[in-house]
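> The numbers in the working numbering rise by one with no breaks, and the one at position 109 of the sequence shown is 109.
Just so you know, the hints here were simulated from the structure itself, not pulled from any lab data. Fair warning: there could be bad hints in the mix.
Within a straight-line C-alpha distance of at most 30 Å, the following computed DSBU-like cross-link-like pairs (lysine-lysine) qualify [stated by the list, open to error]:
| id | residue 1 | residue 2 |
| --- | --- | --- |
| 1 | Lys134 | Lys109 |
| 2 | Lys109 | Lys121 |
| 3 | Lys134 | Lys113 |
| 4 | Lys134 | Lys164 |
| 5 | Lys134 | Lys165 |
Estimated spans, in silico, between C-beta atoms of each pair [stated by the list, open to error]:
| id | residue 1 | residue 2 | range |
| --- | --- | --- | --- |
| 6 | Ser161 | Ser114 | 32 to 38 Å |
| 7 | Asn167 | Asp56 | 27 to 33 Å |
| 8 | Ser120 | Gly166 | 23 to 29 Å |
| 9 | Asp192 | Val139 | 17 to 23 Å |
| 10 | Lys121 | Ser47 | 24 to 30 Å |
| 11 | Lys109 | Asn153 | 35 to 41 Å |
| 12 | Lys165 | Thr110 | 25 to 31 Å |
| 13 | Ser100 | Ser135 | 32 to 38 Å |
| 14 | Ala111 | Ile175 | 40 to 46 Å |
| 15 | Ser100 | Ser133 | 15 to 21 Å |
The beta carbon of each residue, even a glycine, is placed where N, CA and C say it ideally should be.
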Amino acid sequence: MPNYTNLNNNIIVNNENGIQLYPSHSQYNPTSSAPATAAEVEIRVASGLNSNLISDTLQNPFIRIPIISSSNVDGNFDQELVLRFLTGSHFFDANTSSISINGGGNNTKTAFKSLYYTGSKNQTIFFRDTLISKSISNVDLRDIIHNLITGSNFHVNGAISASKKGNLTSSITYIGARGRITAPIGFTGSFDSDEVFEVVQYSRYRNT
1 MPNYTNLNNN
11 IIVNNENGIQ
21 LYPSHSQYNP
31 TSSAPATAAE
41 VEIRVASGLN
51 SNLISDTLQN
61 PFIRIPIISS
71 SNVDGNFDQE
81 LVLRFLTGSH
91 FFDANTSSIS
101 INGGGNNTKT
111 AFKSLYYTGS
121 KNQTIFFRDT
131 LISKSISNVD
141 LRDIIHNLIT
151 GSNFHVNGAI
161 SASKKGNLTS
171 SITYIGARGR
181 ITAPIGFTGS
191 FDSDEVFEVV
201 QYSRYRNT
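Make a model of the complete structure from these sequences and hints.
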């Protein structure tokens with residue numbers, strides 16, 4: 001069954017939204033001159049990656065990363081970056097080679113639409129989608145995650161920065177984004193986190 005491992009978090013399982021983690025410590029606290037306190041997110045790809053990540057019957061893995069708090073924009077909901085992982089067999093042949101990296105995952109065959117996270121009308125979501133193969137390696141998956149993040153408008157516009165750590169970790173640091181932010185969500189589909197990835201939120205100032 002799906003599993004999410006994180007430090008100092010309360011875990012709530014929701015069948016629609018995946019596994020949600022809320023820090024047991026305080027959420028982001030804005031200041032006038034610095035990013036929020038919980039300023040870094042790490043996405044750690046499993047060393048023992050199960051390469052058969054995409055299911056034909058169960059909801060597939062995704063990563064939700066809240067970036068901008070609703071308290072800082074003219075809206076009621078956080079602005080989120082959502083990474084989705086797709087397989088070409090779930091698309092019409094004409095669409096497979098031309099899937100847009102920015103939300104192209106919504107164009108699946110009708111029979112497979114329920115297998116991918118689509119959010120709701122009450123969310124402001126910026127999707128970043130990619131096709132992956134069954135033979136994908138853990139290093140390649142980490143690199144894909146990093147590229148999805150760095151290609152996003154949030155990164156281009158300076159709200160976040162991104163970097164690679166070691167061979168299997170992609171990290172996000174909040175720069176221009178400030179305010180209270182909901183914790184990130186890593187949904188691993190039908191696999192445990194040690195078969196796919198885990199998403200961990202840190203305070204900027206932490207002991208390592």
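> Quick one, are Lys109 and Lys121 close enough, alpha carbons at most 30 Å?
With a Cα-Cα distance of about 21 Å, the restraint between Lys109 and Lys121 holds, given a limit of 30 Å.
> Is 23 to 29 Å a correct range for the gap between the Cβ atoms of Ser120 and Gly166?
36 Å, violated
> Falls inside 24 to 30 Å, the C-beta gap from Lys121 to Ser47?
The hint (24 to 30 Å, Cβ to Cβ) is violated, given that Lys121 and Ser47 are roughly 39 Å apart.
> Please test the hint of 27 to 33 Å on the beta carbon pair from Asn167 and Asp56.
30 Å, holds
> If I claimed the Cβ atoms of Lys165 and Thr110 lie 25 to 31 Å apart, would that claim hold in this structure?
40 Å, violated
> So does Asp192 sit 17 to 23 Å from Val139, Cβ to Cβ?
Holds, since Asp192 and Val139 (Cβ atoms, about 20 Å apart) stay within the stated range.
> Check the following: the C-beta atoms of Ser100 and Ser133 are separated by a distance inside 15 to 21 Å.
Taking Cβ atoms as reference, Ser100 and Ser133 lie about 19 Å apart, which means the hint holds.
> Hinted pair, alpha-carbon criterion (30 Å max): Lys134, Lys113. Please report holds or violated.
20 Å, holds
> Ser161 and Ser114, beta-carbon distance inside 32 to 38 Å?
Given a distance of about 35 Å, which is inside 32 to 38 Å, the answer is holds.
> Within 30 Å, alpha carbon to alpha carbon, are Lys134 and Lys109?
19 Å, holds
> Holds or violated: the 40 to 46 Å window for the beta-carbon distance between Ala111 and Ile175?
Holds, since Ala111 and Ile175 (Cβ atoms, about 41 Å apart) stay within the stated range.
> A range of 35 to 41 Å was offered for this pair. Does it hold for the Cβ distance of Lys109 and Asn153?
28 Å, violated
Of the numbered hints given earlier, the model fails hints 8, 10, 11, 12, 13; all others are met.
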